[in-house]
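Respectively, the protein sequence lines represent chains A and B.
Numbering follows the working numbering, with no gaps: position 145 of the first sequence is 185.
Numbering follows the working numbering, with no gaps: position 164 of the second sequence is 1516.
Simulated from the structure, these hints should not be mistaken for lab results.
Even for Gly, the Cβ is constructed at its ideal location relative to N, Cα and C.
Errors might be hidden in some of the hints.
Derived, one-sided and incomplete: chain B residues facing chain A with beta-carbon distance under 10 Å [as the list claims (entries may be wrong)]:
(1) I1381
(2) I1403
(3) P1404
(4) P1411
(5) P1414
(6) A1415
(7) A1422
(8) R1426
(9) R1427
(10) A1431
(11) D1457
(12) T1472
(13) Q1475
(14) P1546
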Amino acid sequence: MKKLLTGNHAVAEAVKIAKPGIIAAYPITPQTSIVEKLAEMVENGELDAEFVRVESEYTALSVILGAITAGARGFTATSSQGLLYMYEICWWVAGSRLPMVMAIATRSLGAPWNIHGDHQDIMVLRDAGWIIGMVESAQEAFDLTLQGFKISEEVHLPFALGLDGFQLTHTAEVVEIRDYKVPKRKPLPYVVEPISDFALNAVTFGIPKLIARHEQAKDLEKAKEIIKRVDKEFPVSYGGLVEEYKLEDAEYIVVMSGGWCGDAKDAIDILRNKGIQIGMLRLRFIRPFPTKEIGRLDGKILVVDRSNSDYRGVLGLEVSTVRHDIKNVVTGFGGMELDTEDFVKIFTKFVNNEIKDVEWWYDSA
Amino acid sequence: MILLKGNASCQGCPHSIAFKVLEYLENPIVLMPAGCSTVIAGLHPNSSLTIPCVHVPFPSTPAVSYGLSAGLKRRGIKANVVAWMGDGSVDISYSLLSGSALRNDDIIVIVVDNEAYMNTGVQSSGTTFWKARTTTSPKGKKEERRNVALQMALHKVPYVATASVGYMRDFIKKVKKAGEIEGFRYIHVHCPCPPGWGFESSKTIEMARMAVQSKAWILWEYDGYKGKFKISKISKRAKINALKEYLLSQARLKHLSDEDIEEIERKIEEEWKLLEHLEKL
Chain A
41 MKKLLTGNHA VAEAVKIAKP GIIAAYPITP QTSIVEKLAE MVENGELDAE FVRVESEYTA
101 LSVILGAITA GARGFTATSS QGLLYMYEIC WWVAGSRLPM VMAIATRSLG APWNIHGDHQ
161 DIMVLRDAGW IIGMVESAQE AFDLTLQGFK ISEEVHLPFA LGLDGFQLTH TAEVVEIRDY
221 KVPKRKPLPY VVEPISDFAL NAVTFGIPKL IARHEQAKDL EKAKEIIKRV DKEFPVSYGG
281 LVEEYKLEDA EYIVVMSGGW CGDAKDAIDI LRNKGIQIGM LRLRFIRPFP TKEIGRLDGK
341 ILVVDRSNSD YRGVLGLEVS TVRHDIKNVV TGFGGMELDT EDFVKIFTKF VNNEIKDVEW
401 WYDSA
Chain B
1353 MILLKGNASC QGCPHSIAFK VLEYLENPIV LMPAGCSTVI AGLHPNSSLT IPCVHVPFPS
1413 TPAVSYGLSA GLKRRGIKAN VVAWMGDGSV DISYSLLSGS ALRNDDIIVI VVDNEAYMNT
1473 GVQSSGTTFW KARTTTSPKG KKEERRNVAL QMALHKVPYV ATASVGYMRD FIKKVKKAGE
1533 IEGFRYIHVH CPCPPGWGFE SSKTIEMARM AVQSKAWILW EYDGYKGKFK ISKISKRAKI
1593 NALKEYLLSQ ARLKHLSDED IEEIERKIEE EWKLLEHLEK L
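Bound-form chain A, shown alone:
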């Protein structure tokens, strides 16, 4: 079945198929229409779940933390300041080794105020132990939400699904509603019931704490194979941790992530028509980070970022842990949209070796 859906509604449709028992959320632009849709589905009986109307994002994720500790399947969604407000609990969900899916409609972080898109918010999850996926289309948002529950529950780590605020959340495209069954949630390794004998997350010093974090890191690494397998088994394969676009013979390689990759691919096509051997490595996952896929790249690398850390872009920083000889463009903040023409300009400059090591790009249509 095909439906015309915004990115947000595509996520909601996928969540409905995954059948979470508990959904808790607090509205924030541009996420809101995901949970509005889910509230509607719950109220009219399409989805048998409890929708908990909470007074903050902190509470939203705390309620989910409790529900998934009890063995239920949980979902929430947020953006920007909301993600920061629930940040403490993000660490507890991952540290408790509990699965869930959270959609993040990526948006700028204050100050100053801005409700529009960039990638600064989702990047704060990098150290928290979450799997972080980034999609390019409403279809991929639908597909990866479904896969997210499966991957998360296999590896006992929470799954964040990033979709670009407005660019994907509020634009509609035809989405194939796939007939895909998410298996029932695996029972927890411990039993949270009144008669059981346990103390969960008690004060843990030294070596046992190190072991806990090490296990978490090992499993995040293990998630790479699970992501690739689930992607292969899915009706459509995107390529696993990365999508390779015209890379076979590429001398120039653009590394990017998120919704704007579509426009950038058009720019690549234009340059290809002029005989320039350029391609893209689209990062579908920020965590676990596709180190091998980047290490294999053979060509000059440009990383284009919508987020910043020190003077560089966050992805520039991440890619430079694998490859030192990269160029990095930082742009697209706070809803600054770059179109195909803008990418043609950036990529042409890159091909002509005119891009600085780190360049903040202001020119947009």
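We have chain A already, so just place chain B on it with the hints.
For chain B alone, kept in the frame of chain A given last:
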């Protein structure tokens, strides 16, 4: 036995007394934010509690408790999920507590109130007694004292009560009653802390009783279904003229002048009048 011997509580710890009430709940699971109770419950791999315990981030307790309660319910498992909070936890999670009450979340909140942030070394809290000295109010607290239980009752939840570790029969009766009701239930228990307040560790019960007998801590109950507010009999018999002795037997309040004590007396009388008025409604 809920709390095993050899746990890490201080001598005369009121919390270790309060834990006993959990024996009177069916199928309890206790959730614990950071605080003295966390340490008493035991450090990994040890546990001093004989019931399941989930440790949670400081402000999150009411919300995680509700999530757990709702999650278990969806699996068809009956439990009394208890959010076991200190007054520090109340301060930091105040909006969550209010939100939980507003939704009538099916949880029991038990606040073990020792009137300061004791686990971090006696800092002033919302419920710290008027003018009491703490490490962050070395000359005495200047702010008002937060009446959390009354604020919870104003949310029109099914059950709210105050209690004291000095009157365990009354406390147990209230906990049992709460255990038989569904929805948001709140019990705020007064917990005199020997090292935090500065009195001998053998005198916890004595101090708790003096607080009630002088009306410095008032016992009452609110039945949300009937909309009935009732001052407990023990408090009805209490007399405010015992106040001075109660106050001056604690190091944190030794500095009080006669004027200070008169001012506190007036505040207590105001509170008493308000409670009496509520009872008449």
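Hints and how they fare:
no. : hint  : in the structure
1   : I1381 : holds (6 Å)
2   : I1403 : holds (8 Å)
3   : P1404 : holds (5 Å)
4   : P1411 : holds (7 Å)
5   : P1414 : holds (8 Å)
6   : A1415 : holds (3 Å)
7   : A1422 : holds (6 Å)
8   : R1426 : holds (5 Å)
9   : R1427 : holds (6 Å)
10  : A1431 : holds (5 Å)
11  : D1457 : holds (9 Å)
12  : T1472 : violated (14 Å)
13  : Q1475 : violated (20 Å)
14  : P1546 : violated (23 Å)
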